[in-house]
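In the order they appear, the protein sequences are chains B and U.
Sequential numbering of the first sequence, starting at 9, is according to the working numbering.
Sequential numbering of the second sequence, starting at 98, is according to the working numbering.
Please note: incorrect hints may appear among the correct ones.
[Claimed, not checked] The list that follows gives simulated cross-link-like pairs (lysine to aspartate or glutamate, EDC-like), each with its CA atoms no further than 20 Å apart:
no.	chain 1	residue 1	chain 2	residue 2
1	U	K272	U	E213
2	B	K281	U	E456
3	B	K282	U	E521
4	U	K438	U	E456
Derived from the structure by calculation, the hints contain no laboratory data.
Fair warning: this is a prediction, and the values are worked out from it, not measured in the lab.
In case you want the letters, here they are:
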Amino acid sequence: MTLSTPFSSKVSYSFSWVGMVGLAIIVFWAVIALAAPHIIPYPIGEIVDEDYFGPMSSKLLLGSDYLGRDMLSRLMMGARYTVGISLAAVCIACFTGTALGMAAAVIGGWFDTILSRFLDALNSIPSKLSGLVVAAAIGSSINVLIVMLAVIYTPGAYRFARALAVNVNTMDYITVARTRGESILYIIFSEILPNIIGPLLADFGIRFVFITLLLSGLSFLGLGVQPPYADWGALVHENISGLPFGAPAVIVPSLAIASLTISVNLLIDNLPKKIRDRSA
Amino acid sequence: MENLVEIRGLKVEATTDSGRRLDIIKGVDLDIAPGEIVALIGESGSGKTTIALTLMGYTRTGCRISGGSIHVAGKDMVTLSERQRAMIRGREISYVPQSAAAAFNPTKRIIDQVVEVTHIHKLLPPAEARQKAISLFKALSLPNPEQIGDRYPHQVSGGQLQRLAAAMALISDPKLVIFDEPTTALDVTTQIEVLRAFKSVMKKSGIAGVYVSHDLAVVAQIADRILVLRNGEVQEVGSTETILNNAKHPYTRELLSAFEPKPRGDNLGAVSQAQPLLEIDALTAGYGPIQEDGLPLVRAVQEASITVQKGRNLGIIGESGCGKSTLARSIAGILPASSGKLTLDGQQLAPSARQRSHEQLRELQIVFQHADTSLNPAKSIEDILGRPLTFYHGMKGSQRSARIDQLLDMVQLPKALRSRTPAELSGGQKQRVNFARALAAEPKIILCDEITSALDTVVAAAVIDLLKELQRELALSYIFISHDLSVVEAICDEIVVMYRGQKVEQITPAISKIPQHPYSQLLFSSVPKLDPNWLDSLERDPELVKAYGQA
Numbered sequence: 009m010t011l012s013t014p015f016s017s018k019v020s021y022s023f024s025w026v027g028m029v030g031l032a033i034i035v036f037w038a039v040i041a042l043a044a045p046h047i048i049p050y051p052i053g054e055i056v057d058e059d060y061f062g063p064m065s066s067k068l069l070l071g072s073d074y075l076g077r078d079m080l081s082r083l084m085m086g087a088r089y090t091v092g093i094s095l096a097a098v099c100i101a102c103f104t105g106t107a108l109g110m111a112a113a114v115i116g117g118w119f120d121t122i123l124s125r126f127l128d129a130l131n132s133i134p135s136k137l138s139g140l141v142v143a144a145a146i147g148s149s150i151n152v153l154i155v156m157l158a159v160i161y162t163p164g165a166y167r168f169a170r171a172l173a174v175n176v177n178t179m180d181y182i183t184v185a186r187t188r189g190e191s192i193l194y195i196i197f198s199e200i201l202p203n204i205i206g207p208l209l210a211d212f213g214i215r216f217v218f219i220t221l222l223l224s225g226l227s228f229l230g231l232g233v234q235p236p237y238a239d240w241g242a243l244v245h246e247n248i249s250g251l252p253f254g255a256p257a258v259i260v261p262s263l264a265i266a267s268l269t270i271s272v273n274l275l276i277d278n279l280p281k282k283i284r285d286r287s288a
Numbered sequence: 098m099e100n101l102v103e104i105r106g107l108k109v110e111a112t113t114d115s116g117r118r119l120d121i122i123k124g125v126d127l128d129i130a131p132g133e134i135v136a137l138i139g140e141s142g143s144g145k146t147t148i149a150l151t152l153m154g155y156t157r158t159g160c161r162i163s164g165g166s167i168h169v170a171g172k173d174m175v176t177l178s179e180r181q182r183a184m185i186r187g188r189e190i191s192y193v194p195q196s197a198a199a200a201f202n203p204t205k206r207i208i209d210q211v212v213e214v215t216h217i218h219k220l221l222p223p224a225e226a227r228q229k230a231i232s233l234f235k236a237l238s239l240p241n242p243e244q245i246g247d248r249y250p251h252q253v254s255g256g257q258l259q260r261l262a263a264a265m266a267l268i269s270d271p272k273l274v275i276f277d278e279p280t281t282a283l284d285v286t287t288q289i290e291v292l293r294a295f296k297s298v299m300k301k302s303g304i305a306g307v308y309v310s311h312d313l314a315v316v317a318q319i320a321d322r323i324l325v326l327r328n329g330e331v332q333e334v335g336s337t338e339t340i341l342n343n344a345k346h347p348y349t350r351e352l353l354s355a356f357e358p359k360p361r362g363d364n365l366g367a368v369s370q371a372q373p374l375l376e377i378d379a380l381t382a383g384y385g386p387i388q389e390d391g392l393p394l395v396r397a398v399q400e401a402s403i404t405v406q407k408g409r410n411l412g413i414i415g416e417s418g419c420g421k422s423t424l425a426r427s428i429a430g431i432l433p434a435s436s437g438k439l440t441l442d443g444q445q446l447a448p449s450a451r452q453r454s455h456e457q458l459r460e461l462q463i464v465f466q467h468a469d470t471s472l473n474p475a476k477s478i479e480d481i482l483g484r485p486l487t488f489y490h491g492m493k494g495s496q497r498s499a500r501i502d503q504l505l506d507m508v509q510l511p512k513a514l515r516s517r518t519p520a521e522l523s524g525g526q527k528q529r530v531n532f533a534r535a536l537a538a539e540p541k542i543i544l545c546d547e548i549t550s551a552l553d554t555v556v557a558a559a560v561i562d563l564l565k566e567l568q569r570e571l572a573l574s575y576i577f578i579s580h581d582l583s584v585v586e587a588i589c590d591e592i593v594v595m596y597r598g599q600k601v602e603q604i605t606p607a608i609s610k611i612p613q614h615p616y617s618q619l620l621f622s623s624v625p626k627l628d629p630n631w632l633d634s635l636e637r638d639p640e641l642v643k644a645y646g647q648a
């Protein structure tokens with residue numbers, strides 16, 4: 009079930025087809041998100057159907073929503089918000105969490121204790137609840153959403169990176185670097201990071217899924233992306249009354265969320281593996 | 098008499114990551130008569146453990162038996178079903194692993210684990226099994242045979258645990274016992290007791306054995322015949338006497354000559370004009386909370402005073418737990434000494450590496466035992482060797498690149514290895530890179546902490562020769578820490594014997610090879626010799642063994 013793809017004459021990787029399918033779906037959604045303004049068939053605010061919750065037709069490929077707007081256009085534009093906000097938030101969360109986690113592992117002592125307890129405290133607040141409180145208190149703009157999601161998921165990334173770095177930190181090559189007189193920054197980024205980057209990337213993927221789901225959940229509750237913009241969660245929320253009619257307007261955005269999160273999971277479970285057998 | 102074991106044309110193949118098939122055992126024949134002990138000897142990767150495991154019809158993950166037959170007591174282990182093999186395993190063939198500590202379940206009492214086999218195969222009622230276990234404990238000369246089984250694995254010593262593992266293997270009265278390097282992890286003084294116990298039990302019960310080891314001297318004591326392996330092929334088979342005294346195959350001779358490195362008899366003239374390079378004065382170091390007297394709770398090294406002369410080597414020898422590695426770590430400043438003075442070339446060194454100057458750090462380098470963990474697996478050899486060049490000497494670009502080539506050349510590695518990562522090197526190559534990194538700093542003194550312990554005899558001998566050669570060229574000094582007396586004797590001008598954190602004796606082999614302190618005498622006499630009668634003729638003072646032995 010594996011394909012060997014020689015990347016260069018020296019190092020080759022094996023990449024299973026399951027991972028490739030995941031990657032293909034992610035790339036598909038990324039392209040949609042980037043190209044959406046140029047390829048949507050109708051403006052997203054325009055009412056194009058006489059009926060609401062219209063069925064799929066050759067004119068409206070994914071039917072119409074609760075106001076008779078084109079669902080395909082709204083879904084494509086929604087991808088921008090779902091993918092974009094999640095990606096921005098996961099980048100901030102993983103970068104901060106990983107940097108702090110590695111620093112805590114290498115420096116140790118009081119720095120580690122205080123930082124760990126502080127982030128544990130942050131972690132103990134239920135994520136949906138803190139999202140609700142923040143959105144209710146200071147409103148819900150896209151910037152606030154990104155920062156809020158990043159803060160909620162930083163402690164997890166910190167814990168994960170710290171646990172990995174603590175193991176690497178006990179290796180003899182770190183001791184060698186310390187006795188050489190290397191700085192903490194060198195030890196973190198040059199000695200530790202390359203050894204834990206694989207699991208960190210997997211963690212990045214999982215966290216992206218969590219953030220996408222939390223964002224969709226908040227939007228579904230009406231606290232996420234605000235009208236007239238709509239991410240996929242908001243699209244489900246808007247069209248929930250179409251459920252009894254079996255309208256595509258409520259099913260399609262749900263499928264979109266599922267396809268993105270599942271394919272990210274498939275990809276990180278099947279990341280390309282380096283083949284150690286060189287003489288092959 | 099018919100043979101108990103008959104292996105014919107055994108082939109084992111492994112599948113690599115990319116799906117390529119690789120023969121790791123290439124057609125091996127082996128016969129074992131009932132009651133005979135056959136040793137499989139060879140370096141790591143020679144397939145000795147793989148062959149031993151196939152006797153139970155077992156191969157490690159990714160491997161499979163691809164050809165040949167393995168008849169044990171009339172049954173072909175290759176063609177049996179997994180269920181039929183399970184019936185034989187533990188009952189007719191049993192296994193003593195290398196690390197008993199890892200093989201015992203730490204949450205169960207020892208006796209329950211020892212009699213488990215009789216329970217699984219329904220051989221004996223529990224009370225009888227217990228009696229039998231106790232009689233085996235007696236036969237293996239374990240202390241308190243009645244009670245020792247009620248302890249947990251962490252409550253007995255390493256040597257005792259290894260004998261308990263043997264009891265576990267012997268309880269079902271097997272026809273064949275496989276010993277997989279059972280004494281490799283033990284200290285020499287402990288090893289003797291374990292070997293004696295194994296030998297007497299095996300002789301008495303007439304069980305056949307397969308003894309896997311890389312140590313020819315150990316094998317000489319216990320085996321009737323020796324099979325020398327290399328790269329999955331038999332190099333030579335013969336009785337123990339023949340192999341030791343009359344080896345035909347060049348590889349066997351290489352093994353034999355590697356076992357006794359040429360003792361160091363040169364540069365005696367330097368003794369008179371010795372200049373101290375590193376002075377260690379009453380150094381105490383340890384672990385745990387600081388007590389009222391300002392010293393740590395557990396003092397692993399107590400008041401050690403040692404001087405290393407310029408261009409000369411000092412060996413530190415002792416058993417595990419004697420504090421020799423702690424001493425090395427406090428000299429390097431990894432574990433700051435709690436009291437005492439360190440002077441390097443006239444300059445006093447701060448206890449902690451963090452407080453030492455760039456130059457001081459450069460002049461004193463440490464090389465660790467395990468090259469696997471001391472080389473960053475994510476970096477290429479080039480980066481590993483290049484970093485100290487940039488860090489200490491500010492080298493860049495082509496200058497740095499040329500120096501890396503020089504370093505690889507010094508440790509006799511091909512330049513083509515530059516772009517590889519440590520995982521793609523052999524154990525000996527990794528240790529050379531590890532050493533080359535210390536050389537890159539251009540130090541005055543290198544601390545070698547058991548650097549040959551993880552290597553095969555032949556490879557270790559080559560590394561020792563390399564170290565000697567580099568010393569002649571670069572005017573280095575080594576502090577050589579080891580538990581292996583022959584290695585230390587091969588390279589050191591002075592030998593310090595440590596016991597329980599204290600320096601018991603300092604010996605200058607060039608002047609007198611005879612140790613005075615009773616512990617040193619015990620330690621020196623416990624090193625196995627390439628003489629099949631050594632173990633039987635060795636007489637040890639029971640008082641001495643009681644006082645210092647930990648078996």
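Legend entry - Structure versus earlier hints, numbers of those that do not hold, lowest first: Hint 2 contradicted; others consistent.
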